[in-house]
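**Student:** Construct the entire structure; sequences and hints are all you get.
Protein chains in written order, with this note's numbering: chain B, 1 to 468; chain E, 1 to 468; chain F, 1 to 468; chain P, 1 to 468.
Where hints are given, some of them may not hold.
Because identical chains cannot be distinguished in the list, a pair is counted as satisfied if it fits within a single copy or across any two copies.
[Unchecked claim] Derived BS3-like pairs (lysine-lysine); straight-line CA-CA distance at most 25 Å:
no.	residue 1	residue 2
1	Lys44	Lys199
2	Lys363	Lys262
3	Lys136	Lys199
4	Lys363	Lys429
Keep in mind the hints are simulated off the structure, nothing from the lab.
Below, each chain spelled out in residue letters.
Number of protein chains: 4
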Amino acid sequence: MTEPAYDLIIRGGRIATATDVFEADVAVSGETIAAIGRGLVTGKREIDARGKLVLPGGVDAHAHIEQLSAAGIMNADTFESATVSAAFGGTTTVIPFAAQHVGMNLRQVVEDYHALAKKGAVIDYAFHMIIVDPTKETLEEHVPALVKQGHASIKIFMTYDRLKIDDEPLLDILAAARESGALLCAHAENHGIIAWMVKRLLARGYTQPKYHAISHARISEAEAFNRLIGMAALIDQPIMIFHVSTAEGAKVIRDARGQGLKVFAETCPQYLFLTADDLDKPGADGAKWMCSPPPRRVSDQEALWQALALGDLQTVSSDHAPYRFDETGKLRAGPNPNFKQVANGLPGLQVRLPLLFDAMVSKGRLGLEKFVELTATAPAKIYNLHPRKGSIAVGADADIAIWDPAREVILNDEMMHDLAGYTPFAGRKLRGWPVTVLSRGRMIVADGKRSAEAGSGRFLPRNGGDAA
Amino acid sequence: MTEPAYDLIIRGGRIATATDVFEADVAVSGETIAAIGRGLVTGKREIDARGKLVLPGGVDAHAHIEQLSAAGIMNADTFESATVSAAFGGTTTVIPFAAQHVGMNLRQVVEDYHALAKKGAVIDYAFHMIIVDPTKETLEEHVPALVKQGHASIKIFMTYDRLKIDDEPLLDILAAARESGALLCAHAENHGIIAWMVKRLLARGYTQPKYHAISHARISEAEAFNRLIGMAALIDQPIMIFHVSTAEGAKVIRDARGQGLKVFAETCPQYLFLTADDLDKPGADGAKWMCSPPPRRVSDQEALWQALALGDLQTVSSDHAPYRFDETGKLRAGPNPNFKQVANGLPGLQVRLPLLFDAMVSKGRLGLEKFVELTATAPAKIYNLHPRKGSIAVGADADIAIWDPAREVILNDEMMHDLAGYTPFAGRKLRGWPVTVLSRGRMIVADGKRSAEAGSGRFLPRNGGDAA
Amino acid sequence: MTEPAYDLIIRGGRIATATDVFEADVAVSGETIAAIGRGLVTGKREIDARGKLVLPGGVDAHAHIEQLSAAGIMNADTFESATVSAAFGGTTTVIPFAAQHVGMNLRQVVEDYHALAKKGAVIDYAFHMIIVDPTKETLEEHVPALVKQGHASIKIFMTYDRLKIDDEPLLDILAAARESGALLCAHAENHGIIAWMVKRLLARGYTQPKYHAISHARISEAEAFNRLIGMAALIDQPIMIFHVSTAEGAKVIRDARGQGLKVFAETCPQYLFLTADDLDKPGADGAKWMCSPPPRRVSDQEALWQALALGDLQTVSSDHAPYRFDETGKLRAGPNPNFKQVANGLPGLQVRLPLLFDAMVSKGRLGLEKFVELTATAPAKIYNLHPRKGSIAVGADADIAIWDPAREVILNDEMMHDLAGYTPFAGRKLRGWPVTVLSRGRMIVADGKRSAEAGSGRFLPRNGGDAA
Amino acid sequence: MTEPAYDLIIRGGRIATATDVFEADVAVSGETIAAIGRGLVTGKREIDARGKLVLPGGVDAHAHIEQLSAAGIMNADTFESATVSAAFGGTTTVIPFAAQHVGMNLRQVVEDYHALAKKGAVIDYAFHMIIVDPTKETLEEHVPALVKQGHASIKIFMTYDRLKIDDEPLLDILAAARESGALLCAHAENHGIIAWMVKRLLARGYTQPKYHAISHARISEAEAFNRLIGMAALIDQPIMIFHVSTAEGAKVIRDARGQGLKVFAETCPQYLFLTADDLDKPGADGAKWMCSPPPRRVSDQEALWQALALGDLQTVSSDHAPYRFDETGKLRAGPNPNFKQVANGLPGLQVRLPLLFDAMVSKGRLGLEKFVELTATAPAKIYNLHPRKGSIAVGADADIAIWDPAREVILNDEMMHDLAGYTPFAGRKLRGWPVTVLSRGRMIVADGKRSAEAGSGRFLPRNGGDAA
Ligand SMILES: [Zn+2]
Ligand SMILES: [Zn+2]
Ligand SMILES: [Zn+2]
Ligand SMILES: [Zn+2]
Ligand SMILES: [Zn+2]
Ligand SMILES: [Zn+2]
Ligand SMILES: [Zn+2]
Ligand SMILES: [Zn+2]
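**Tutor:** This is the structure:
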């Protein structure tokens, strides 16, 4: 009896999961992984992965794509450009937002984003629903229905003038999330503190981008975390705290988890690799490094790495939010905007994994299994995309990134595939690069060249799972 | 050479300060203490205090007198009735509020309360200014001027629909307090949480007074403390947290003080001697025990005693807020109100000291010096009324309460001198009672009988002092 | 081209690693796993695992086998009986001790235990070296040499009259461990406190087994943890704290890890499933449940589960230490011993996994992946036996336990394969049982029957790895 | 009727207690304070104190006087020289030690020290009994009898070769203290850690005084505190932790007190005003600054001040332990001793108060009332010498120090009245100095000149009081 030929064999690479690292072939049949073994025979196609690492494609659970900001600025990417850039960075699953604004019907919002994604996405995707207007209809009708349709996470903002949810409606949303079995994700910063700082700084003429970092006083993060956690505990609703940036914030989370509360948290490369000093550039140049919360201090970077090591933070997302450094984006208010007029956000879908690979694998901080866990397995589990996504296992989708651990790359703006036009990490030399990327068995990046069609990505319906 | 006769000698009592307890005579000349010694000669008048305790008159730093609530209810007392009741309870200094409502001119508000106090008060007084409408004029003109005139503390509410100050304006007030050298006092509870709980409870038909206690979820206290402390730390402004009711709240304060932050805090007899169960009475009866925050659990009482022992809380005030149990007060919305329709507050000026004396001195918890410290010396120091008030020392105002430590009293409604018409502590048997009370050397309660004229109390201008 | 036949295929089971759970066949070639896939063809032998779970064999990192106690009692098991019982419980790797006593040459000790294991063991094994007599020769010559030979962990006792290491020599041992790259494991209890309690209890006639639990005052654990951690931090040497039993102990560990210290810790089934009440039996019967530290309270059980969930504790070992309930073991001092005369220890190699499987998988606490992690993967990693042991991955040793998740078993003494003659968990009904067990591809338990030869287990040399 | 003439009137000074500061005369009759008032008439003698501060004489609760060290070195002072130096520094009560060595009968030890003190002391005194040899007779017979005779505190050492008490006997002593109602004071450092550090340092040739500071690794303090507190909590016995030197140590105490444990603690001027750098002098010179624990860092100084402010530490003692910088003392082992051969200890009875006055009153840190509390009132209360000692109150002993707050003094060796021959604080310029000192109404220092007879001090019997 002969073994039926597999559709594809990735031959001789070094495979890593969050638990194991070993040498083997990976065989793909159709869209999924059929076998992992040594000396597997007969692939209709084969990829030689000797000397390479064969990793699960990254799962980026926090990215703003083709999204209209509250200030009315459309971000720079389309689903096509954003997901292509993700693919080039080794990421094969993304969870962008279906972003309501005040007055919008949430069902319609979700439908609209589905249409955009369906047209453009080259990798698979799910959605977080951003709720800005928690009307009775939204919470009692739309949310339960949409969660049932597979949109099992809600995101809210505790700051931003046109987005922020106050404590009382936030409790309504937490209760609705609990009722429908959705995870609640939050941009948690204290709005009043930031608004007050901004007011004081601008009134005194401190307008440059670097003052953005000062305006987000450190306490505005830890305070909001503490408040959100208290409310979530009251409702007994799990939460995911987005983009932790400070040591104090990480400590609030550690304490809450130590009390047994269901608190998850992420950080982002900008908080691990940048500091507030990066915003201190001549003129408006610092705007390229402006995001919210802002990068902080070297000591915060250390605290965040420690929190990742201890499991206090479980994942690293990009918070991709691309704005061009021109009048369509960062400089919309002119060439010399005050910091409050500058759109917040950095492009990051493409560089997230290479930056982390370099730090964790090439430089050895926490190691390869932890790299896989933080960037793929853990987000897939928290957002209930596992076992389909996030690991290399028989039966899982063949979402695979083949990394050349020896390839050295100096980041520059030109190699970015998103439409932001720049990367805040330009000039950094990284070791380790994803050379070939598969999504459900289809090659989408092959030896550094795009080979994916717009619209070939698929929606991933999911319910809240264990985390919710 | 003969000693000039003293105006008054209190003979042979046992004197206590926050530090010392000893037997001696106290001699008064004019309004102040002239000498303390054994065998002092020649008082024009003498009081035999043998077998009695001679203590500094109490300082009650938190009392609502002749104050209009946000709901438009005038509380039950006049300055005369309130201060007479205070005097009967051994208290000789009180700090009520000059309470702004939205749209009111703060200068005028302060003037109005001065007029009321001047007419009625039988003991000396200062004012906290309640700010509800922090306009530019209020903060930049009125506050500095009023602080200079001796009103060196500001109170704000973080909850109550028509009173609450949101985070951004709260920072403005903190900054204004810092600028003018005033202490910032706060009723710190999370408004959104309470509002949400109320909404849910009423919607489900949970309307009785006991649900008031449930509506103020425990976390609403610790959360607000944490937030307020964070903002005060940002501004580097000292704060006084009013009426701590929970163990968690006390812990937040201990942690903050351990970090070197300038945080003061008080609790009240209702949190040391009542629990939420006291609100669980038939019909509307529980309304008599309704105050905000509500009494909590026996374990909270223990935690608060511990916090007092450790200095985490520095003083015990009454939060006197009297409403009659009739249609002018608690039952304004009818005989069967829902808990949200009931005015919050308890009468307490008269019973504060007897309740604490019984617990601390007669039953021995923490002892006599600590009783004096918590009820007189510490508030006098924090609010910068010391050395004039709060201790028995040469040169200090002769504000003295002579206690019979053996007198047993069963509290009842009839013996109360305020106009609330009831005491929530009726039926309790206490050991120890103030029998004679002096204010600036004048007898205001003599052997259990009033001997003070309305309007004989005086305003005590003060600046912020060390605490601010 | 045909695939070469695998030696063995385990067909159609549900495979679990610490990360993934999926259905697939497992193919074994020689001693290792050759492939994992669906529809693998041609095994020389096949096992039908449909409806079963295919898990990595357990790694039990703490077991006393054929070991002479300080009191001169040989424990009940031989390497054969102990490892057979382990195999029947789904465990395929064990780390017992090579136990020095005062005056013994550590090299000789290790050699002796090797001889015993080589003769009897049916599963693979490594050794911890117990150091009781840290002479210069031991620390400077024997330890480095023995670590180089693959004995990369040292165990010390902080209590027990003839075993305990005082602080100063403990620092010598920590320094020697650091120098040679070994992990330091510790039985950490405060000797003086326990000795004092024992003295007081016996002097007052409290002699029954239940007083054993009282004699190990709770503080004796947290104190010793704190002290050990302090000393290890001074030397910058990683440590493994054995058998955590109290909530306070777990908290000390959490705090230390939060500070970035390299502290690992285990607990045991007796602390998760028994309490001190289990020792309260008539006469000497309670002796069957006597171990050190003793089982504690239900609240401690909860705290330990929480610590496992949070990663503060990383593994669950058996601390197998079998003594018969007769004059050769527990009753060596006669039928009515005082608690101090009773040998401490419980048999546990066989029941560790079934007890945990029932709780974690069948009853759902923490789940299947975490079960695999705590009982196999994590100990294999900490003790540097991974990737050979502790997971199901291509290239790993084919140490596999096939569990019937539906099999219900009521534990009884007769089904135990060790020589203790009883199990402290008799009478418990468990759901889930390992029915077939493989060690390096050899069937050692087949459908509930032993099929392993004495001496077929192999020594696993290892260096300290990442943990050390 | 005329007032009988007082024996002495201190006229017109500014009096301070731990609570109050005010201007008044102090009248003394016989040995005690008879009156405090303005315009008191007719003193047989008068002291003009206008422009001066009239403070309670200091209480120094930790001083080694005429004491034989474990190494057999008699310290430099006699009771006469030590107490004269104390008096010159404004201290009027001292608690030295009656120090047992192994084999000594504790009753005899106490008797011997009584004889020495009776002969020499010029100020009043009590004794702590140092227990080094806790025999059954000592604990069951001598301790109860001696406590009844007024020696209500026991001191133990957790380190020093010939002094240290191990955990088990320490529990015996704690239990004996509890039984007899004595306070337990401790020199708490981990012996093993220090011994190990010493061994390593000397072996590597690090012999200079500065290595003494390194040998007392920071963790050796916090560890010992934690262990001692745990054991005391087990016995429910109050403890006083001597000479806290590190931030970590202070934190352990704060945490324990926060849990409601009865833990008291002191620090000393050397930990508030010196650092380890002071030991880094050429040759053996650093020996002059050697004490145990050693001075630490500037950040520790800050932490200790904070702990004093918060009440975590309640008092500042001198730990006076004088050794001459010659062959009778520090250089007993020759002119070039290794640090282990140098006697530990600093002279401090005279400078304690001036150093603290300068920092707290002249420079304003914590203020005058807190100065009085930390240096006089609090130790008097903790050791149950209050109300006789520690405050200025009617009926109290007339132990009074009159300070000139404007007097500037540069400390030098010659002005020291003890026999150490040097002060480690030479060269410091202080503002504020005690010019006249009274003990029980007798002038003992008058305008900077000694006027006290040897042997005029008296023993102060005391029971354990509230603290014990
Ligand atoms: Zn955000
Ligand atoms: Zn975002
Ligand atoms: Zn209030
Ligand atoms: Zn109030
Ligand atoms: Zn053990
Ligand atoms: Zn063991
Ligand atoms: Zn000492
Ligand atoms: Zn000493």
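**Student:** Look at each hint and say if it fits the structure.
**Tutor:** Here is how each hint holds up against the structure:
no.: 1; hint: Lys44 with Lys199; verdict: neither (64 Å within a copy, 64 Å between copies)
no.: 2; hint: Lys363 with Lys262; verdict: between (32 Å within a copy, 20 Å between copies)
no.: 3; hint: Lys136 with Lys199; verdict: between (34 Å within a copy, 14 Å between copies)
no.: 4; hint: Lys363 with Lys429; verdict: within (12 Å within a copy, 50 Å between copies)
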